[in-house]
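**Student:** Chains as they are written, first to last, in the numbering used here: chain A, 37 to 146; chain B, 196 to 313.
Hints listed in this document are in silico derivations from the structure and should not be mistaken for laboratory results. All residues carry an ideal CB built from backbone N, CA and C; glycine is no exception. Don't take each hint at face value.
Under the rule of at most 30 Å between Cα atoms (straight-line distance), these lysine-lysine pairs were calculated in the DSBU-like manner [to be verified]: (1) A:104 x B:271; (2) A:83 x B:271; (3) A:83 x A:104; (4) A:142 x B:238; (5) B:260 x A:83.
Computed spacing ranges between beta-carbons, pair by pair [what the hints assert, rightly or not]: (6) B:221 x A:99: 35 to 45 Å; (7) B:209 x A:99: 42 to 52 Å; (8) B:206 x A:51: 44 to 54 Å; (9) A:53 x B:223: 35 to 45 Å; (10) A:80 x B:297: 42 to 52 Å; (11) A:118 x B:214: 16 to 26 Å; (12) B:247 x A:51: 28 to 38 Å; (13) B:313 x A:106: 41 to 51 Å; (14) A:99 x B:270: 41 to 51 Å.
Okay, the calculated bits of chain B under chain A, using three or more residues with CB under 8 Å as the criterion [to be verified]: (15) 216-226; (16) 263-276; (17) 294-302.
Take a look at the letters that make up each chain.
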Amino acid sequence: QSALTQPPSVSGSPGQSVTISCTGASSDIGTYNRVSWYQQPPGTAPKLMIYDVSNRPSGVPDRFSGSKSGNTASLIISGLQAEDEADYYCGLKIGGSIWVFGGGTKLTVL
Amino acid sequence: QVQLVESGGGVVQPGRSLRLSCAASGFTFSLYGLHWVRQAPGKGLEWVAFICNDECDQYYADSVKGRFTISRDNSKNILYLQIDSLRAEDTAVYYCARDGAHYDIDSWGQGALVTVSS
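All chains, please: the whole structure from these sequences, using the hints.
**Tutor:** Pasting the structure below:
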């Protein structure tokens, strides 16, 4: 099963924008618009933030957006707030109903 | 609203078996595929298994194939995960989660902690 690579950590000050990358291969991220993003504050369950690369579920603030270029998907958080401090994971359905997650990125709001 | 409540976790000796349950409510259970995802202490998410809505197909991560069995009872709205031959590396919080309408996992339970230790 393939691997998705995320930076271990990113940081930003309140009001700034940060980007979290998720790099796969041409056979997965590069081919399919199936990337989703999950937010996990400390001690809580993951929460879906973005699906199908760039779509937001109802209730997710529009400060959160997603994009993809080649084999890399990105989660962009603009107007950073203290409550955004969490771990973020990209996820991908790679075949049948087999899934893979990135290693996770810890976002610190300075 | 969608609710997924895991149970059955605890401290188990290596080599023993354990069955986790996930009670679902707030949606039509028989229409949705379901996942188990685990998270070892201080580590990231690891997808474990998936079962389609009417048990037509099950899929497993290579790391658990042959020891884990996912199943469901649509008459009781319960998802199960049978774990055999437990190993120390199976120590994790196990999340039950719902397959979304798109390419996503749209709802998650709060998790059940399984600790494998002698």
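**Student:** Of the hints stated earlier, which fail here?
**Tutor:** 1, 6, 10, 11, 12, 15 and 16
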